[in-house]
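Chain S is fixed; fit chain L onto it per the hints.
Next come the chains, spelled out residue by residue.
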Amino acid sequence: SQQGEEDPQALSIQEGENATMNCSYKTSINNLQWYRQNSGRGLVHLILIRSNEREKHSGRLRVTLDTSKKSSSLLITASRAADTASYFCATDAGDYKLSFGAGTTVTVRA
Amino acid sequence: DGGITQSPKYLFRKEGQNVTLSCEQNLNHDAMYWYRQDPGQGLRLIYYSQIVNDFQKGDIAEGYSVSREKKESFPLTVTSAQKNPTAFYLCASSTGEGTQYFGPGTRLLVL
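Line by line, the protein sequences are chains S and L. When we follow the numbering used here, the leftmost residue of the first sequence carries the number 1, and every step to the right adds one. When we follow the numbering used here, the leftmost residue of the second sequence carries the number 1001, and every step to the right adds one.
Same shape as in the complex, but just chain S (with noise of 0.2 Å):
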């Protein structure tokens, strides 16, 4: 069952610019992941954050969540092209499986 929701379905974006995206959830998790997926190709694992966590960084990724809310962001800072693909997001109830939801398609224009 797919329990994360991406929002917004897609963004375009001129280079440099931030881009945003958000993913709601239904249930309680251990853990929420966000991947990449370039056109054709497998998913990358960007950056896991903990129930217990509230932000997190890596390079120009910004995560956050809120367990009140069953929600997450994800901020690509000073997006460049090869930043375009589509990011998901999945949770892990810590029953060795995650949920993926339908993904945000991300076009980043030169």
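Calculated from the structure, these hints are not laboratory results. One should not assume that every hint holds.
[Said to hold, decoys possible] Now the in silico label distances, taken between C-beta atoms and shown as ranges:
hint, chain 1, residue 1, chain 2, residue 2, range
1, L, Lys-1070, S, Arg-109, 40 to 48 Å
2, S, Asn-30, L, Glu-1069, 27 to 35 Å
3, S, Thr-27, L, Gln-1017, 32 to 40 Å
4, S, Asn-38, L, Thr-1079, 27 to 35 Å
5, S, Lys-26, L, Asn-1053, 31 to 39 Å
6, S, Arg-54, L, Thr-1095, 24 to 32 Å
From the three backbone atoms N, C-alpha and C, an ideal C-beta is built for every residue, glycine too.
Using the frame of chain S, we list chain L on its own:
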């Protein structure tokens, strides 16, 4: 070089035919997973295995079968019972602590 390999990259299936997708990992991970991805959608879990000789059904197991005879290998068979098999199939592995590592995928098309 550590990683996950999937083969073939493209696979064509005729009506009534069973086909097998290969997934191999040399990451020494205990857990392995098979997902199906349809255009514009997220990943749906087909089967997963936490340890050798054991596997569980995911959300959409009907029409698929798997085996886990070796730690490194987790092949997926798409049987003739799967009436709509056209999709992108992704294999992943994990230590079981959360992060999953994905292969490059196999695109299955029906002739």
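Hints versus structure:
no. : hint                                    : in the structure
1   : Lys-1070(L) with Arg-109(S): 40 to 48 Å : 46 Å, holds
2   : Asn-30(S) with Glu-1069(L): 27 to 35 Å  : 30 Å, holds
3   : Thr-27(S) with Gln-1017(L): 32 to 40 Å  : 39 Å, holds
4   : Asn-38(S) with Thr-1079(L): 27 to 35 Å  : 30 Å, holds
5   : Lys-26(S) with Asn-1053(L): 31 to 39 Å  : 33 Å, holds
6   : Arg-54(S) with Thr-1095(L): 24 to 32 Å  : 25 Å, holds
Hint check: no violations occur; every hint is consistent with the structure.
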